[in-house]
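Engineer: All the letters of the sequence shown, read from the start, carry residue numbers 1 to 137 under this note's numbering.
Mixed in with the good hints, there may be bad ones.
Listed next, with one range per pair, are the computed distances between beta-carbon atoms [claimed, not checked]:
(1) LYS54 - ASN4: 24 to 32 Å
(2) LYS25 - LYS137: 39 to 47 Å
(3) ILE16 - ASN43: 35 to 43 Å
(4) LYS78 - ARG134: 34 to 42 Å
20 Å max Cα-Cα, derived SDA-like pairs, lysine to any residue [to be verified]:
(5) LYS109 - LYS25
(6) LYS54 - PRO88
(7) LYS78 - ARG99
(8) LYS114 - ALA47
(9) LYS78 - ARG41
(10) LYS109 - TYR125
(11) LYS54 - LYS114
(12) LYS54 - ASP92
(13) LYS54 - LYS137
(14) LYS114 - GLY20
(15) LYS116 - PRO42
(16) LYS114 - ASP79
(17) LYS109 - GLU29
(18) LYS9 - ASN43
(19) LYS116 - LEU39
(20) LYS54 - GLU122
(21) LYS54 - ARG24
(22) LYS116 - TYR35
(23) LYS78 - LEU102
(24) LYS30 - GLY80
(25) LYS87 - SER33
(26) LYS54 - ASN43
(27) LYS78 - ALA95
(28) LYS126 - LYS25
(29) LYS126 - GLU106
(30) LYS109 - LYS48
(31) LYS116 - LYS48
(32) LYS48 - VAL91
(33) LYS130 - GLU117
(34) LYS54 - ILE73
(35) LYS30 - VAL91
(36) LYS30 - ASN43
(37) LYS109 - GLY80
(38) LYS87 - LYS25
(39) LYS78 - GLU106
(40) LYS54 - TYR12
Read the hints as simulated data drawn from the structure, not as lab findings. Backbone N, C-alpha and C define an ideal beta-carbon position, used for all residues, glycine too.
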Amino acid sequence: QRINDILSKIQYSDRIIFTGQLDRKSVIEKINSAYCLVLARPNNIQAKYGFPTKLGEYLSTGKPVIVTSVGDIPLFLKDGENAYIAKPDDVDSFADKLRECLDNPELAKLIGMKGKELVYNEFNYKEVTKNIIRAMK
Numbered sequence: 001q002r003i004n005d006i007l008s009k010i011q012y013s014d015r016i017i018f019t020g021q022l023d024r025k026s027v028i029e030k031i032n033s034a035y036c037l038v039l040a041r042p043n044n045i046q047a048k049y050g051f052p053t054k055l056g057e058y059l060s061t062g063k064p065v066i067v068t069s070v071g072d073i074p075l076f077l078k079d080g081e082n083a084y085i086a087k088p089d090d091v092d093s094f095a096d097k098l099r100e101c102l103d104n105p106e107l108a109k110l111i112g113m114k115g116k117e118l119v120y121n122e123f124n125y126k127e128v129t130k131n132i133i134r135a136m137k
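Using the sequences provided together with the hints, build the complete structure.
Structural biologist: So this is what it looks like as structure tokens:
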């Protein structure tokens with residue numbers, strides 16, 4: 001109730017929908033119906049290492065993705081090429097990247113498709129397995 005009270009006082013509160021817990025099928029439907037997908041990770045110890053699984057899932061949809069530049073994310077993603085990359089812990093930077101994505105749907109669609117290509121080229125288990133076997137030899 002406290003959250004609903006706060007939301008009732010802000011602009012665009014009608015655009016925020018609390019769904020409660022969703023089953024797997026409903027989550028997939030929500031993700032696939034989205035215009036873009038966002039992941040604002042803070043610059044903290046948890047985000048310092050690795051590449052979030054959720055980000056790989058988002059990229060694999062072919063939708064444009066807005067994400068913060070933390071951990072291993074900048075090793076794979078390039079701003080304006082295969083994702084929109086915002087500065088971590090910077091609300092204005094994140095808002096700017098959202099605007100870029102929303103203001104140019106044609107470019108956003110291309111960036112989303114490049115993100116999908118990255119996932120299938122860099123995170124494809126068949127290719128990764130080949131690289132591991134080559135490294136072991």
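Engineer: In ascending order, which of the hints set out earlier in this document are inconsistent with the structure?
Structural biologist: 3, 4, 5, 8, 10, 12, 13, 14, 15, 18, 24, 25, 28, 29, 30, 31, 35, 36, 38 and 40
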